[in-house]
Amino acid sequence: MTADRTNPLSSRSLPEGDERERVRFRASSGNFIKAVSAVLWKDVQAEFRSRELFSAMLVFSLLIILIFNFALELDIRTRQSVTSGVLWATFAFAGTLGLNRSMAIEKDRGCIDGLLLAPVDRSAIYFGKVLSNLVFMLIVEAVVLPVYSVLYNINLFQPGLLIVILLGSIGYVAVGTLLAAMSVQTRMRDILLPILLFPVAIPVLLAAVKASGGILAGVPYEEIQFPINLLIAYDLIFIAVAFMTFENIVEE
Amino acid sequence: MITVKKLVKRFGFKTILRGLDFEVQPGEFVALLGPNGAGKTTFLRILASLSRPSIGEVKVAGYGLPQEAAQVRARLGVVSHLPLLYGDLSADENLRFYARMYNIPNYELRITEVLEMVGLENRRRDLVRTFSRGMQQRLAIGRAVLHDPDVMLFDEPYTGLDQDASSMLDEVLKTVAAQGRTVVMTSHDLARAEGLATRFDVLSRGVITASTTPKQLKKSNLLAFYKQALAA
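Chains A and B are the protein sequences, given in the same order.
Numbering follows our numbering, with no gaps: position 141 of the first sequence is 354.
Numbering follows our numbering, with no gaps: position 138 of the second sequence is 168.
Quick caveat, the hints were computed from the structure, so don't treat them as lab data.
All of these numbers come straight from a predicted model, not from anything done at the bench.
Don't take every hint at face value.
[Unchecked claim] Covered by chain A, according to a simulated footprint, are these stretches of chain B (three or more residues, beta-carbon under 8 Å):
1. 79-85
2. 107-116
3. 122-129
Don't be surprised by glycine CBs; every beta carbon is placed ideally from N, CA and C.
Chain B on its own, in the form it takes in the complex:
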């Protein structure tokens, strides 16, 4: 579903990604772990076609980037720590706007489904600026799944959420994963990642330094694996 070969990303003289190789099979849930500045967000922005690779091959859902970016975007849902929502529009108006941008047919019904799914049906007419951070993040997920994407990218989705909101987000992420979507999530929260992902990759100094699965982790734990990967 996602294939990345020898990816290099430079900003001026600074190299962020240094020949990164990455592959994700359909239906996999990959937690991308790594310290601040490792290049996780830059990598996700390249997968989301928000940033161009300097060198290397990137394919998402069978389409190459940046040449077939529009096709990739039609199959991609992105959730970041920013909600990407307009505070002066209601939840319903925000989703209507994105439904029109994604050219979704019969979007009225779809919007109702998505709002029910994220538990905001009774707040659909309220302005987003009146929502709590947790509610905004739930609506952000609703926005991201509105067009029924095959691939979902989550960039630090737990940032700024309290315990209740994080638990609720866990449930939504589990639902997303259970549905067979391919998911790549960056996170600093190893405990949460451990409960969700089917694979853990560590991104450090611009390359994937280690990869493991929950099965392989049975003997050790994720924190030990993570520390070992960073030390390598």
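For reference, chain A alone in the conformation it holds in the complex:
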């Protein structure tokens, strides 16, 4: 088939002949990193405009810590002991809200099909979505932590705790994005994600609570080594599982 190059629909800017085939080959083999960054850029740009997802996550998180603050009028020692649990409950609830919305945006206007039609390895779409969800979750956490510190009078800015929060968030978002891609295709998507996600995310949440609590209590590293290793293992396992299964999950 020869394209009419005088027609405006034809890609005059694309090269002719063999070079055009090479361009096509490059397109068909795809560019994984470019696709991941394109999805990330698109999500951040769209969210920067609408602030739909970020504002919902942030308001929800602040409400949760306020409710906990009034519900748990405890002494400083008890407050310290419940801090890690309250923090991770807040991150988990807000994260679920964000994960659900992030995939719903793709589904509502059929954009998920637009993504899946791109000639790239579909796991690139998954990693792009994971990165954007992680960015939104980390921004919300960055706002929640100082507010929590003030309300509960606890210093949360400890390097160890920040690393645990990063590891826990990666694991939660990695599995959450995969399950959100699955649940968004159902009619019960809004309620299905938490039902699917919380049981699967229990190991990461328990390990994160245990490690965060240990760091806040100032216990030696040896005592929290196991939950931290569990977090790292969980992150790696779920990223690998998602890499292998994402295509099958999104394809009919």
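Dock chain B against chain A, hints included.
The following block gives chain B in isolation, referenced to the frame of chain A:
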């Protein structure tokens, strides 16, 4: 350009396509007609590698599905009744995003060409959510031709368009066809299909029940042919 042999698609216990055979030569414009629930959209989604065949052989542009799906997608442009565009991004940003996903070199120039072609050059900085349905559909076509595909699939592209927007879409589709691209379009609008296609296939109960060309139709008309094909 497209070869489909004994295609079966099942969703659970429900069989949508029942041993469908279909072939399209390069440059043909095939209008796929049929009632609701006949399996037209399912069939197009399989050709677009969005859905896997349960049984059967599917080849698009010489590449087999689902094994060589990425190669097929690089040669395929798809327009459906949904625009597949992000409302919170501008027309320009949407096309940039897809250009990066398709790894198109020198995409700045190409985006300008495509926006001029669909008549949205002066709205390139505007958010897509501010566009009318017709403008969104024109931009959707721009998105679909961005990577200069050989094969184009249109799934009910006229859905929700008013008369003016439909006429404008007619012109764009004629341009696509005149360029020698292979086109498969599903439609309920027989009059519009009649003015565009070089072949009409009727899909009913999961198989192609009849096929004709404008030449063969001279004696009868498309509506009569369509009714006859459904009754068979």
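Verification of the supplied hints:
1. Note: the segment 79-85 of chain B has 4 residues with beta-carbon separation from chain A under 8 Å; the three-residue rule is met and the coverage holds.
2. For the segment 107-116 of chain B, the stated coverage by chain A is satisfied: 7 residues place a CB nearer than 8 Å to a CB of that chain, which reaches the threshold of 3.
3. For the segment 122-129 of chain B, the assignment as covered by chain A holds, since 3 residues bring a beta-carbon within under 8 Å of that chain's beta-carbons and 3 suffice.
Checked against the numbered hints above, the structure breaks none of them.
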